[in-house]
Amino acid sequence: MIPVSIITGFLGSGKTTLLARLMREPAMGRTAVIINEFGAIALDHDLIETSDESFVQLSNGCLCCNVRSDLTLTLGDLAARRAQGTVPPFERVVIETSGLADPAPILNALMTDRDLTGIYVLDGVITTVDALMGIATLENHEESRRQVAVADRIVVTKTDLAGAQTDTIKQQLAAVNPGAPVVTAVRGAIAPSVLFDCGFYKVAGKHPDVSHWLAHETSEQHHSHSRTGDITSFCIVREEPLHAATLPLFLSALTENCGADLLRMKGIVHVREAPERPAVIHGVQHVYHAPVWLPRWPSADHHTRMVFIGRNIRESWVRALIELLDTEVAAETARCKLATDPSLRGMG
Numbered sequence: 007m008i009p010v011s012i013i014t015g016f017l018g019s020g021k022t023t024l025l026a027r028l029m030r031e032p033a034m035g036r037t038a039v040i041i042n043e044f045g046a047i048a049l050d051h052d053l054i055e056t057s058d059e060s061f062v063q064l065s066n067g068c069l070c071c072n073v074r075s076d077l078t079l080t081l082g083d084l085a086a087r088r089a090q091g092t093v094p095p096f097e098r099v100v101i102e103t104s105g106l107a108d109p110a111p112i113l114n115a116l117m118t119d120r121d122l123t124g125i126y127v128l129d130g131v132i133t134t135v136d137a138l139m140g141i142a143t144l145e146n147h148e149e150s151r152r153q154v155a156v157a158d159r160i161v162v163t164k165t166d167l168a169g170a171q172t173d174t175i176k177q178q179l180a181a182v183n184p185g186a187p188v189v190t191a192v193r194g195a196i197a198p199s200v201l202f203d204c205g206f207y208k209v210a211g212k213h214p215d216v217s218h219w220l221a222h223e224t225s226e227q228h229h230s231h232s233r234t235g236d237i238t239s240f241c242i243v244r245e246e247p248l249h250a251a252t253l254p255l256f257l258s259a260l261t262e263n264c265g266a267d268l269l270r271m272k273g274i275v276h277v278r279e280a281p282e283r284p285a286v287i288h289g290v291q292h293v294y295h296a297p298v299w300l301p302r303w304p305s306a307d308h309h310t311r312m313v314f315i316g317r318n319i320r321e322s323w324v325r326a327l328i329e330l331l332d333t334e335v336a337a338e339t340a341r342c343k344l345a346t347d348p349s350l351r352g353m354g
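Note that my numbering has the sequence shown beginning at 7, numbered continuously upward.
No wet-lab data here; the hints were simulated from the structure.
Computed cross-link-like contacts, EDC-like style, restricted to lysine to aspartate or glutamate with a CA-CA straight-line distance of at most 20 Å:
(1) K176 x E148
(2) K176 x E145
(3) K212 x E148
(4) K176 x D166
(5) K208 x D119
(6) K343 x E279
Please work from the sequences and hints to get the whole structure.
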């Protein structure tokens with residue numbers, strides 16, 4: 007039987023960062039990673055340094071794939087390819103869910119689907135919680151409470167930024183799921199042994215609602231779905247590179263104008279001044295981090311790609327904002343060159 011671990015957690019709680027760090031560990035060799043994203047662009051797939059192909063072998067011998075539809079079919083396809091020898095003989099599966107996913111359908115499928123139970127066994131659920139935004143997220147989003155309630159392990163992230171809030175969020179988590187050990191991780195750093203090999207998944211000891219949620223799932227709901235309500239997403243793909251100075255201006259404008267309505271934003275950006283080194287930008291509600299520069303492009307796609315998930319955020323406004331800021335930065339750059347370059351002043 008092949009153990010399956012699920013990494014879940016609300017938007018921006020650090021799932022991809024945690025998974026990316028875990029996949030560098032030798033102990034994670036021979037692992038198949040399934041990334042189930044919300045939105046039209048497979049951005050997380052690229053940020054774990056793969057490409058846009060459906061199945062990609064990673065440098066450490068692991069396998070990564072991206073799925074947007076039926077997770078059950080993907081697991082079945084993986085098992086068939088493994089038996090045929092067309093993919094590496096993986097010994098573990100790790101599923102990263104969408105930040106808006108209700109994990110109950112995934113758990114139900116792994117525990118009841120006849121085609122899966124003869125091949126896979128549910129090893130455990132790992133839930134990430136943002137120490138900065140976690141309290142508000144638990145209060146305002148049912149998906150977050152469900153993700154915590156079903157967990158075997160809870161990983162509190164961004165503790166280096168949260169300070170005293172870390173103790174408060176741990177108390178809140180204990181109220182939702184008193185049986186799950188709570189550990190912390192800074193920038194995803196944690197030993198795999200702390201998270202995996204939990205043993206066969208047990209509903210006993212978890213929040214009473216967990217058994218109720220699982221009982222109400224049917225075979226038609228085996229795909230990973232989410233109760234998104236009024237939450238929408240859109241993606242921006244841009245061919246022209248952006249100026250480096252545009253990025254902090256853009257993130258600042260999002261903070262001031264969108265606030266808590268922008269639940270999650272992440273992107274990989276083609277920067278004019280450093281075309282071979284893309285910048286990764288991301289934010290959660292009103293907290294946006296400085297761009298992180300990758301040493302190289304993770305795939306052949308060098309377009310700027312940004313994903314936005316939130317409420318009442320208009321795609322046309324975001325596109326116009328990017329264009330306005332980058333045009334202004336370009337004009338200011340030209341003015342500075344004119345002022346400092348004598349030959350250009352003479353031409354004027």
